[in-house]
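Visitor: Residues per chain are reported as follows:
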Amino acid sequence: MITREPVYTDAPPNAIAGLGRAIVLGLGDIGRAGSMTAQALVGMPLLLFCARRRRECVRQMFHMGIKTLPVISVVGMFTGMILGLQVGLELRRFNQEIYIGSAVMVSLLREMGPFMTGLILAACVGSSMAAQIGTMTVNDEIAALEIMSIDPVLFLMTPRIAAMVFMTPVLSFYTCVLGVIGGGIVGLTQLNVPWDQYIVMAMDIARLRDLYVGLFKALLFGIVITGVSCYEGFTTTQGAVGVGQATRRSVISSFLLILILGYIVTRMFYDL
Amino acid sequence: MIRFDHVTKQLGGRLVLDDLSFEIPKGEIFAIVGPSGTGKSVTLKHMVRLMTPTRGAVWIDGTEISAVDGADLARARERFGYLFQGGALLGWMTVEENIALPLREKTRLSEAEIAERVAKALCAVGLEEDGDKFPSEISGGMQKRAGLARAIVREPEIVLYDEPTSGLDPVTARTIDKLIRRLNKELGITSVVVTHDLQGALLSADRIAMLTGGRFVEVSSPHAFVAADQPDVRRFLDAQFISKKGIEGM
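Chains as they are written, first to last, in the working numbering: chain P, 1 to 272; chain L, 1 to 250.
Because the hints were derived from the structure by calculation, they are not lab data.
The reader is advised that the hints may include incorrect statements.
[As the list claims (entries may be wrong)] To give an idea of the chain L side of the interface with chain P (calculated C-beta under 8 Å), a few residues: (1) 48; (2) 90; (3) 101.
The structure presented is a predicted model; accordingly, all values stated were derived computationally and were not measured.
Glycine residues also receive a C-beta, built at the ideal position from the N, C-alpha and C atoms.
All chains, full assembly: derive it from the sequences and hints.
Guide: Structure below.
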């Protein structure tokens with residue numbers, strides 16, 4: 001049951017009680033968002049049997065993937081160029097600028113590729129999801145679905161989470177490729193590192209495990225962004241103001257979770 | 001049968017429904033009237049468990065809908081059609097797709113059968129020419145009629161109408177009143193209508209209830225309602241220029 005009545009509570013008697021209540025409410029939100037996300041993930045196999053839901057999933061993939069491609073391309077390219085330049089300037093002091101390929105490749109595959117992709121998708125796609133579902137909630141469209149006995153999580157969230165699970169790793173890989181190209185351009189034009197030498201150094205250090213871990217991170221980011229954004233949308237109250245607040249909260253929470261999860265996954269897969 | 005059993009509802013310390021008990025027998029058209037903010041829509045939302053009573057219980061035949069959850073609630077809700085105040089159409093679907101949605105999602109009808117039922121529902125609310133339009137391309141009144149078509153397309157046992165005629169021109173409003181009456185006669189649909197439009201309630205309802213202060217201060221047939229001496233009812237009737245003789249002219 002998604003549609004819920006507003007919860008009215010008395011003002012807390014003091015700041016400590018207020019903090020305690022905020023923590024309890026926050027934990028409740030995390031639990032409900034997690035359970036909703038799990039329900040949407042469990043529903044993914046149903047997409048295989050329903051042509052309409054499959055079409056919706058493809059529509060979401062187009063919306064998430066193709067429409068964010070220009071932003072992703074610019075961000076990916078410039079992230080690689082900035083990395084190449086910063087690392088190259090330092091390495092040049094030791095006449096080791098030929099190693100910028102290695103530095104750019106490792107940074108992008110392990111961290112920057114999925115991280116930048118996650119941030120862009122949270123800002124572009126997550127905010128749009130929260131706003132759309134939030135508007136549906138305040139216009140009683142979610143309640144209407146529930147009265148028609150159509151599960152809003154399976155109907156709205158599952159195609160979105162499936163599209164994100166597929167598109168985020170693809171976009172992350174694309175960001176890495178463009179970033180490596182960007183780093184190579186900086187190396188060639190400003191640090192006098194030949195293209196073939198740059199690529200050899202980059203490919204020499206690249207390991208499949210780095211790629212897999214990076215793609216796994218991207219996949220997790222996709223799930224988190226969809227879970228947070230849809231939950232914020234489903235729990236929107238108070239009309240247009242509420243939609244704005246839900247959108248803002250979805251972006252902030254997604255950013256924070258991307259950072260925290262990024263660290264946890266890195267710590268899990270790379271020993272000190 | 002819909003039964004409210006001593007239902008009390010508090011929202012933020014405000015008592016909206018105060019120990020409300022009533023029954024609506026199968027096949028009846030029951031209108032709830034009253035001033036704004038007295039809990040008419042809240043009463044309606046309790047019937048499909050969009051709201052849960054603070055105390056008391058809501059029964060739909062043998063099912064206590066105020067206590068069920070999950071699959072049982074979904075099953076109980078399948079018996080309902082619900083017309084929301086704003087229509088609540090999905091903005092990215094055309095009017096036809098909106099109306100076909102419950103049939104596509106919850107039945108095994110073929111596309112031809114769905115198209116036939118959708119055309120019939122569109123015709124019933126006078127939107128035959130507007131099926132291919134998106135909700136943003138039609139007026140608020142038309143959105144409400146499309147919402148009504150969606151509510152009735154599955155021919156549910158119970159239809160709940162939240163302000164079905166507000167924002168409609170008088171001719172269309174009377175058409176909707178007649179449609180509610182026709183659905184009741186032809187399909188035996190139980191209808192609960194929340195409205196400010198007393199003219200419409202007098203025309204279509206079997207019983208009218210006046211909700212004030214969280215309680216029904218009058219529940220009677222249209223004729224008895226117009227003749228009632230209860231002060232809140234009289235004020236409401238006077239405000240809509242309906243006298244004790246008013247019903248005779250209709």
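Visitor: Taking the earlier hints as the rules, which of them does this structure contradict?
Guide: none
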